[in-house]
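2 protein chains.
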Amino acid sequence: MQAQLIALDWGTSSLRAYKLGPAGVVLEQRSLASGIMHLPTEPRDIAGVRCADGFELAFDAACGDWLDAQPNLPVIACGMVGSAQGWSEATYRNTPVDVASLGQALHRVRSLRGVDVYIVPGVIEQAGLPNVMRGEETQVLGVLQGLGANALIGLPGSHSKWVEVVDGCITHFDTFMTGEVFAVLSKHSLLGRTQQICEQFQAEAFDRGVRVALSQDGQRGVLSTLFSARTLGLTGELTAQQQPDYLSGLLIGHELAGLPDRTQPIILVGAAPLCARYQRALALCGFAHVSLAQEASERGLWQLAVAAGLTQPVLEA
Amino acid sequence: MQAQLIALDWGTSSLRAYKLGPAGVVLEQRSLASGIMHLPTEPRDIAGVRCADGFELAFDAACGDWLDAQPNLPVIACGMVGSAQGWSEATYRNTPVDVASLGQALHRVRSLRGVDVYIVPGVIEQAGLPNVMRGEETQVLGVLQGLGANALIGLPGSHSKWVEVVDGCITHFDTFMTGEVFAVLSKHSLLGRTQQICEQFQAEAFDRGVRVALSQDGQRGVLSTLFSARTLGLTGELTAQQQPDYLSGLLIGHELAGLPDRTQPIILVGAAPLCARYQRALALCGFAHVSLAQEASERGLWQLAVAAGLTQPVLEA
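So the protein lines, in turn, are chains A and B. Quick note: the first sequence, position 138, residue 147 per our numbering, numbers continuous. Quick note: the second sequence, position 127, residue 136 per our numbering, numbers continuous.
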């Protein structure tokens with residue numbers, strides 16, 4: 010099947026490339042470690058020119074062969090590739106923002122091989138504490154189809170986002186540094202010293218962590234409850250194998266305790282194992298309506314490319 | 010002046026040694042980097058025996074010459090030296106505990122040179138989430154003199170403690186991993202990448218951090234507000250030099266927001282620059298009565314040694 014679009018989800022630590030066919034169907038996909046903080050450094054020839062630019066090198070590695078085969082394929086990208094540290098800065102759009110309208114605001118950068126890459130702008134909220142996203146706005150668009158007017162979309166990760174959508178507009182969002190805090194505490198703090206990584210998910214320990222976050226002890230905040238990951242080990246109530254999942258549950262529980270409304274439908278977008286943890290924790294927190302979304306980035310990128318006129322929508326049979 | 014006691018405040022990262030004279034007056038003091046996680050490893054002769062034990066080596070380096078001069082000086086120690094990872098484990102005492110009574114519960118370990126070292130037991134609270142301290146119980150005793158019946162004693166540090174004291178008894182305490190979280194985030198997270206260390210205290214940025222923690226945004230918890238240390242940089246509201254003190258104020262603010270009663274007198278014990286930050290943040294939080302205590306460890310160790318009969322109290326003129 011002939012490809013119609015190359016779609017790149019290009020974040021801090023990884024670069025996912027999709028070759029999309031008619032109606033946005035995924036023909037082929039690749040995952041590279043070449044996030045914007047981990048770009049290739051080995052110079053190589055691109056389009057007959059010696060090149061040492063990390064973005065060009067990563068771009069070529071991700072989809073150079075696809076472009077060799079179909080040189081006129083349009084290319085769209087979202088994520089940190091559009092940040093100030095990215096390939097070329099795509100200025101943020103302010104909330105409230107109609108996510109479908111972002112297709113009219115793509116930022117173009119010309120690659121060495123002469124192909125234009127259209128970068129989706131991120132979104133900024135400036136009421137109160139500023140908040141930013143890059144890439145999640147595209148995922149939000151990708152899951153909106155078929156949803157009611159209002160939804161709360163959760164995007165767990167290093168920096169989890171919780172996005173309130175009203176009538177197709179992002180009206181408000183929050184960021185929680187849960188994943189990164191888990192990683193740095195496990196690797197670099199006292200808590201990591203007594204942890205033992207365990208292949209099997211320690212459900213009981215995870216649930217206990219969530220419950221502590223929701224308990225009266227949790228009211229003092231995560232800086233206080235964190236220490237229990239150590240003391241419950243000292244008192245023999247948590248084994249070394251249970252400590253990582255206890256900490257995970259504790260942090261996710263504190264994140265969820267910070268969410269407002271527990272009645273509106275929640276859609277989770279992200280890696281399946283992480284979403285499974287959030288789904289479990291949301292149930293313990295009493296959130297009633299939770300569902301999982303798939304292929305959010307590639308669907309969102311497809312829709313934005315169509316809106317921008319980069320490719321043609323094809324009606325499904 | 011003739012010494013009467015050697016007092017050691019021996020924690021995870023440092024070892025402070027005091028030579029105390031009559032009435033506990035400090036005749037000499039030393040600070041070594043030989044905390045129980047940083048013990049010396051180079052073998053040396055101690056009392057004519059080749060020795061490779063880190064605790065013996067650190068002990069000898071801290072006060073071997075004092076003991077050579079006065080071999081019968083009693084030695085008392087508090088802190089992590091009495092933990093399971095320490096020289097010899099001094100079993101925790103349960104709350105509520107009369108801190109003065111800890112002098113009757115010292116744990117003895119005999120050193121290679123034949124001198125006994127008396128280790129103060131730590132305190133454990135087992136109602137609700139378990140909590141532990143080692144060393145702080147001695148500091149609490151050291152500042153109790155002259156206080157009213159009730160006080161809240163704050164001991165800022167890597168793992169800050171807040172200790173409720175009623176009639177000389179520790180009735181309850183909390184631990185906040187504020188200092189360690191600040192250190193690992195600054196060193197290993199995204200937040201550190203845009204920070205620039207600045208010699209001068211950035212008061213405005215610090216105060217802003219405290220206020221954010223106390224604000225409505227702060228209600229979502231520190232996992233959420235943390236991200237503002239980055240976004241306020243992105244929007245130009247915080248310079249790279251201001252970001253470390255903003256983060257410091259933010260974390261300390263979240264810690265203080267977790268404290269209950271704002272009316273009872275607070276005594277702060279700890280390193281002067283850190284206590285100054287807490288004093289500033291406490292004022293912003295509306296805590297009315299805050300004072301600083303000095304020489305808490307050496308005073309507490311002296312009192313416990315007197316209570317244990319290791320040395321004689323001498324009435325001051």
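Wrong hints could be hidden among the right ones.
Stated by the list, open to error - Simulated restraints, written as ranges between beta carbons of each label pair:
1) B:Q209 - A:T272: 48 to 58 Å
2) A:T180 - B:Q38: 40 to 50 Å
3) B:S40 - A:D54: 53 to 63 Å
4) A:S167 - B:P322: 54 to 64 Å
5) A:S22 - B:T50: 50 to 60 Å
Derived by calculation from the structure, the hints in this document are not laboratory data. No residue lacks a Cβ here, since even glycine has one placed at the ideal position from N, Cα and C.
Against the structure, the hints:
1. B:Q209 - A:T272: 48 to 58 Å: For T272 (chain A) against Q209 (chain B), whose Cβ atoms are near 49 Å apart, the range 48 to 58 Å holds.
2. A:T180 - B:Q38: 40 to 50 Å: Hint violated: Cβ distance 60 Å, outside 40 to 50 Å.
3. B:S40 - A:D54: 53 to 63 Å: 60 Å, holds
4. A:S167 - B:P322: 54 to 64 Å: Since S167 (chain A) and P322 (chain B) have Cβ atoms about 57 Å apart, the given range 54 to 64 Å holds.
5. A:S22 - B:T50: 50 to 60 Å: This hint is violated: roughly 37 Å between Cβ atoms.
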